[in-house]
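> The listed protein sequences correspond, in order, to chains B and L. Quick note on the working numbering: the first sequence kicks off at 1 and runs consecutively. Quick note on the working numbering: the second sequence kicks off at 310 and runs consecutively.
Some clues are possibly wrong.
Keeping only pairs whose Cα atoms sit at most 35 Å apart, straight-line, the calculated DSBU-like set for lysine-lysine is [to be verified]:
1. B/Lys40 with L/Lys449
2. L/Lys338 with B/Lys3
3. L/Lys370 with B/Lys40
4. L/Lys362 with L/Lys449
5. B/Lys31 with L/Lys407
6. B/Lys306 with L/Lys488
7. L/Lys338 with B/Lys25
8. L/Lys370 with B/Lys31
9. L/Lys314 with B/Lys39
10. B/Lys31 with B/Lys205
11. L/Lys407 with B/Lys69
12. B/Lys25 with B/Lys87
13. B/Lys25 with L/Lys474
14. L/Lys436 with L/Lys488
15. B/Lys257 with L/Lys407
16. L/Lys474 with B/Lys31
17. B/Lys3 with L/Lys362
18. L/Lys474 with B/Lys306
19. L/Lys449 with B/Lys306
20. B/Lys31 with L/Lys314
21. B/Lys31 with L/Lys488
22. L/Lys461 with L/Lys314
23. B/Lys18 with L/Lys314
24. B/Lys40 with L/Lys407
25. B/Lys40 with L/Lys436
26. B/Lys39 with L/Lys488
27. L/Lys407 with B/Lys17
28. L/Lys370 with B/Lys3
29. L/Lys407 with B/Lys25
30. L/Lys338 with B/Lys205
31. L/Lys338 with B/Lys39
32. B/Lys69 with L/Lys338
33. B/Lys40 with B/Lys205
34. B/Lys159 with B/Lys17
35. L/Lys314 with B/Lys40
36. B/Lys18 with L/Lys370
Example chain L residues on the side facing chain B (calculated, C-beta under 10 Å, incomplete) [what the hints assert, rightly or not]:
37. Arg351
38. Arg383
39. Asp427
By construction, these hints were calculated from the structure, which means they are not laboratory data. Don't be surprised by glycine CBs; every beta carbon is placed ideally from N, CA and C.
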Amino acid sequence: MNKLSVDHLLGIKNLKKKDIELIFKTSDNFKRIINQPIKKVPTLRDITIANLFFENSTRTRLSFELAEKRLSADVVNFSSSSSSVKKGETLIDTVNNILSMKVDMVVMRHPNPGAAEFLSRNVNASIINAGDGSHEHPTQALLDSYSIREKLGSVAGRKVVIIGDILHSRVALSNFHCLQKLGAEVRVCGPSTLMPRYLDSLGVKHFTDIKEALIWCDVANILRIQLERQDVKYFPSLREYSMVYGVNKGLLDTLDKEIVVMHPGPINRGVELNSDVADSQHSIILDQVENGLAVRMAVMYLLAGKLKK
Amino acid sequence: MKNEKQIVTTKQFGIMIERLAHQLIENHKDFSETILVGVQPRGVEFTRRVLEKLTEVSENKEINSGSLDITFFRDDFGRRDAPIEAQELDMNASIEDKNVVLIDDVLFTGRSIRSALDALMSFGRPKQVELMVLIDRRLKRDLPIQPNYVGKTVESILSERVIVKWNSEDSEDEIILLKSENE
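Please take these sequences and the hints and turn them into a complete structure.
Structure, rendered in structure tokens:
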């Protein structure tokens, strides 16, 4: 079976385990391609992809755009700050106008949870969710699990702790689904005020003590404190957060094992993660970025293969 | 009635590989500037067998080889039900300024070889590219591509299939022409 069970990538929740395995297998091939002297393949040369970013992004947007270019797709970019959205155009109108220009696939980031799903029901194109509010960020979770698989050989049976602002994080929710589907055990760590209510329903346990969490885990995925999403104070100060939940070399040295440190970026250095860890050999943060390119190429390749000509 | 016809026996198969190996030696001397590249998936086993024979008859133990995956270079993407699954790719030796021998089992429309040429060029600029195939199905060529080394030329119609079986636990080396059921 070499076909995804879905026509859009809206969230990891809708994927089957074999879909994820197919994406990983295809990513292996693209990873080889992006390390060749000529890194471009002609596969999607008759496909046009629109990148719609209704929210700021550097890494994800660059990664998608580069992945599209490596696949030889035609790319149009759109960001809400410089568009008619400011003039009051609705999402469906905006997208349908873009699709009238014969666009086959839409990569969208949007501040509202469910925006990608909404779009997939109302417009005629393959949709890739590049983050919808605090809901899902599927390609990030895929590249996180892919990086764990690459570093440790497998995801199944690994213990992964996600540390920090779980409440506002779409990366965390997508990671829960992805890791659990692949057979890893996942827990969270952080202040109780930053824990969402749905944790119990997903069977995700919560550590309040960072040391305990690190002793338990094989992999620590550290999330950014998303100050821009925090409308009220969830903890007294950044300094206090950093003292209680910040990961630094001193803390890792007290463990009697090596753990893998991940971060989806951008890092607030000195807050959730210290430079002495971020730049150490524990960290696979830059591998995550490289893998992100391969994983996104794989996702677009597999979805484009399902487009009806 | 059986719809299979054996077109190459195990014995002929061995002779063919040996002849191809000798032809390569004739043109490539000590192989220092040559790299053999098998096209995934089925050209790879053929390459391995040619290499085996080459090292046996030329006593040259250091012949460069690689395998090439053409999945992302195909011209039928989006025209099939599902994307083709990509294969392993192993191109560690540089092809820059080398004589490349592309190796595949069956040459038919020539489209795979067209894709393989594109895929190959992603690794640099070879000095020369030659094509070796085990079977040349002469009657259906969509593109102007001709092999330099041919095991056997077969004249078969479109509905027939040529199947190359390699020596393994449940089969011997042989090549079979399969006629379609409804004829």
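> Does each hint hold? Answer for all of them.
For each hint, the structure was consulted:
no.: 1; hint: B/Lys40 with L/Lys449; verdict: holds (30 Å)
no.: 2; hint: L/Lys338 with B/Lys3; verdict: violated (46 Å)
no.: 3; hint: L/Lys370 with B/Lys40; verdict: holds (34 Å)
no.: 4; hint: L/Lys362 with L/Lys449; verdict: holds (30 Å)
no.: 5; hint: B/Lys31 with L/Lys407; verdict: holds (25 Å)
no.: 6; hint: B/Lys306 with L/Lys488; verdict: holds (32 Å)
no.: 7; hint: L/Lys338 with B/Lys25; verdict: violated (39 Å)
no.: 8; hint: L/Lys370 with B/Lys31; verdict: holds (31 Å)
no.: 9; hint: L/Lys314 with B/Lys39; verdict: violated (44 Å)
no.: 10; hint: B/Lys31 with B/Lys205; verdict: holds (34 Å)
no.: 11; hint: L/Lys407 with B/Lys69; verdict: holds (29 Å)
no.: 12; hint: B/Lys25 with B/Lys87; verdict: violated (44 Å)
no.: 13; hint: B/Lys25 with L/Lys474; verdict: holds (27 Å)
no.: 14; hint: L/Lys436 with L/Lys488; verdict: violated (40 Å)
no.: 15; hint: B/Lys257 with L/Lys407; verdict: violated (48 Å)
no.: 16; hint: L/Lys474 with B/Lys31; verdict: holds (32 Å)
no.: 17; hint: B/Lys3 with L/Lys362; verdict: violated (39 Å)
no.: 18; hint: L/Lys474 with B/Lys306; verdict: holds (32 Å)
no.: 19; hint: L/Lys449 with B/Lys306; verdict: holds (29 Å)
no.: 20; hint: B/Lys31 with L/Lys314; verdict: violated (42 Å)
no.: 21; hint: B/Lys31 with L/Lys488; verdict: violated (40 Å)
no.: 22; hint: L/Lys461 with L/Lys314; verdict: holds (15 Å)
no.: 23; hint: B/Lys18 with L/Lys314; verdict: violated (39 Å)
no.: 24; hint: B/Lys40 with L/Lys407; verdict: holds (22 Å)
no.: 25; hint: B/Lys40 with L/Lys436; verdict: holds (22 Å)
no.: 26; hint: B/Lys39 with L/Lys488; verdict: violated (41 Å)
no.: 27; hint: L/Lys407 with B/Lys17; verdict: violated (43 Å)
no.: 28; hint: L/Lys370 with B/Lys3; verdict: violated (42 Å)
no.: 29; hint: L/Lys407 with B/Lys25; verdict: holds (31 Å)
no.: 30; hint: L/Lys338 with B/Lys205; verdict: violated (67 Å)
no.: 31; hint: L/Lys338 with B/Lys39; verdict: holds (33 Å)
no.: 32; hint: B/Lys69 with L/Lys338; verdict: violated (42 Å)
no.: 33; hint: B/Lys40 with B/Lys205; verdict: violated (43 Å)
no.: 34; hint: B/Lys159 with B/Lys17; verdict: holds (18 Å)
no.: 35; hint: L/Lys314 with B/Lys40; verdict: violated (43 Å)
no.: 36; hint: B/Lys18 with L/Lys370; verdict: violated (42 Å)
no.: 37; hint: Arg351; verdict: violated (17 Å)
no.: 38; hint: Arg383; verdict: holds (8 Å)
no.: 39; hint: Asp427; verdict: holds (7 Å)
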